[in-house]
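Asker: Here's the letter readout for the chains.
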Amino acid sequence: MTNVLVCVKRAPDITGEVLLTPDGTGLDGRYSGYAISAHEECAVEIAVGIAEATDGSVTVLTLGGEEAVEQLRNALAVGAHDAVHLLAEADRFGPADVAAAIADLVRVREGDGTAYDLVLVGNDAADTGDFQVGIRLAYALDRPVVAGAQRIEVAGGVATMHVGSAEGSETYEVGLPAVATVLEGGVTPRYPSIKGRMRAKKAPVETVAPAVEPRGTGALGLRLPPPPPSQVTVLGEGPGAAPALVAVLREIGVVS
Amino acid sequence: MTGPVLVLVEPEEGRASLVSREALTFARQLGDPVHALVLGAATEAALQDCREQGAAVVHEATNPELGRYAAAAWGTALAQAAGEAKAPVVLAGGTPRGTEVLAHLAARYGQPMAANVVQVVQADPLEVERQVAGGSVLERVRVNTPGILTVAGHAVAPEPAPAAGAGELRRYEARLRPGDLRAQVVRTEARSGGDSSALTGARVVVGAGRGAGGPDGFGAVDALASRLGGAVGVSRVVTSLGWRPHHEQVGQTGSRIAPEVYIACGISGAIQHWAGCASSKTIIAINTDAEAPMVTKADYAVIGDMHEVIPAILEELG
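So the protein lines, in turn, are chains F and V.
So for the first sequence, our numbering puts the first residue at 45; every next one is plus one.
So for the second sequence, our numbering puts the first residue at 204; every next one is plus one.
Don't read these hints as lab results, they were simulated from the structure.
Be careful, since some hints might not be right.
Said to hold, decoys possible - To be clear about the criterion: a stretch of chain V counts as covered by chain F if any three or more of its residues have a C-beta under 8 Å from a C-beta of chain F, and this derived list gives those stretches:
#: 1; stretch: 220-227
#: 2; stretch: 251-260
#: 3; stretch: 492-504
#: 4; stretch: 509-521
Think of the CB as a built atom: it goes at the ideal place given N, C-alpha and C, for glycine as much as any other residue.
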């Protein structure tokens with residue numbers, strides 16, 4: 045029985061146009077909407093798969109404002125069993141603060157008799173792209189950590205983690221308890237069923253104040269780089285443009 | 204900034220990798236002298252790359268336990284080199300390994316890490332700009348000392364230093380800590396069905412997106428990539444739909460490429476995809492929509508259906 049804690053972050057959806065808040069200190073998701081990163085969607089899927097295979101459980105956690113409960117309910121709808129909401133202004137929390145807050149919660153739960161064998165986080169958040177929460181969390185908890193896991197199987201107290209590499213894949217065998225950061229690509233996140241959505245609406249979400257005073261991110265501001273002016277040369281339309289395109293390839297030197 | 208800038212150098216076919224050479228070039232903006240750390244026995248070609256990039260010292264950590272990758276062990280070796288060099292700034296290329304190892308270093312030191320830095324705003328106190336939101340937004344960050352940075356791929360071109368560095372070789376055995384090998388690679392498996400390592404290093408990449416129409420719509424794309432001696436790269440929607448494997452994905456959550464020419468076929472050019480291909484030297488878009496971002500951002504474009512245009516290109520190439 046493997047108990048998995050999977051950590052997600054509500055972030056502005058950046059698949060379309062990205063806007064900044066009027067004061068230039070954050071991304072503005074009012075028009076784009078909010079989502080968790082693709083890596084975190086996969087982390088939830090891996091967690092649910094491990095729980096199903098080992099008769100275990102999945103707790104989903106987020107640190108953020110009141111609206112972040114939406115992301116917790118999305119995870120509950122696809123199979124997470126319960127949810128913890130570290131209610132806080134996420135913008136004030138740097139990656140070290142987030143890791144410290146999660147580590148504190150894990151320790152408190154352990155003291156109360158709930159141990160998380162595996163903690164999963166996304167490889168990096170879609171908005172801040174810090175790439176470090178999971179590794180800092182592992183150091184705070186003194187656990188082994190694997191970064192970039194795309195598939196994880198658990199058996200006999202050992203997690204076998206598969207990480208993609210340029211040449212193929214690398215396998216780690218790590219004793220539990222452990223931490224992993226999950227990278228998109230190894231599993232396909234499931235869609236919520238109607239039954240899952242109904243269950244998620246009613247599921248209790250525990251709200252907790254993080255026991256960490258944030259030190260911040262060191263960020264001084266954001267800016268959108270000006271879009272370069274379009275300098276496209278249209279070579280033509282349809283198959284008739286092929287000779288012009290091949291001439292460009294010859295000019296570049298990739299064909300003789 | 205007083206003291207050396209230490210750069211973690213990753214190997215690539217016996218040389219210092221392209222991204223590591225970029226990081227060495229970037230390091231010269233931050234201070235002098237520049238030191239390099241190579242884990243395992245450095246080849247003469249890798250040493251030469253470091254010297255060309257102005258490295259005054261090349262640290263070589265020789266512990267045989269470093270042969271099988273363990274990020275915590277690499278972090279320990281890096282911390283040891285940083286301590287012996289008294290380096291106020293440590294940086295690496297923004298590769299998966301570079302980022303992972305520096306995050307270990309940052310966690311050990313209890314220091315912030317700035318990932319995907321693209322430029323130095325000021326050296327003292329250190330302020331940098333880094334990419335966030337998939338590269339579409341720049342964030343200005345103040346960095347504490349010791350500064351721990353990863354450099355975004357292709358933020359700078361790898362330029363040889365005006366004067367080669369002495370590259371004095373300092374060998375030492377990394378003193379690993381208990382627990383450093385708790386998460387270590389136990390097996391590696393080569394990918395079957397093609398070598399996608401070609402994608403990130405390819406001189407030519409032929410990309411395809413939703414315009415391919417389905418899993419059977421890549422025949423001409425494969426043929427063109429093969430004819431040009433290049434690799435195939437795809438957009439996220441293609442992998443999400445299961446048409447092609449994830450290791451071919453170009454973009455924020457896939458590979459970042461920097462070929463001589465990228466031929467993007469039937470790809471709209473969403474921000475995530477652009478983040479992965481923007482460093483291409485020349486971009487050619489083939490798309491039915493003349494207003495698609497991929498077309499307006501490209502250097503050259505053909506307006507048309509990729510299923511008609513690519514066969515015509517193959518015929519023209521003979």
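Asker: Now, for every hint given, state plainly whether the structure supports it.
Answerer: Evaluated hints:
Only residues whose C-beta sits within less than 8 Å of a C-beta in chain F count toward coverage, and the stretch 220-227 of chain V has 0 of them, not enough to reach three; the restraint is violated. Given as covered by chain F, the stretch 251-260 of chain V fails the check, having 0 residues with a CB less than 8 Å from a CB of that chain where 3 are the minimum. Given a C-beta distance limit of less than 8 Å, the hint that chain F covers the stretch 492-504 of chain V holds, as 8 residues qualify and 3 suffice. Proximity of the stretch 509-521 of chain V to chain F, defined as three or more residues with a beta carbon under 8 Å from a beta carbon of that chain, is established by the 8 residues found.
Checked against the numbered hints above, the structure breaks hints 1, 2 and satisfies the rest.
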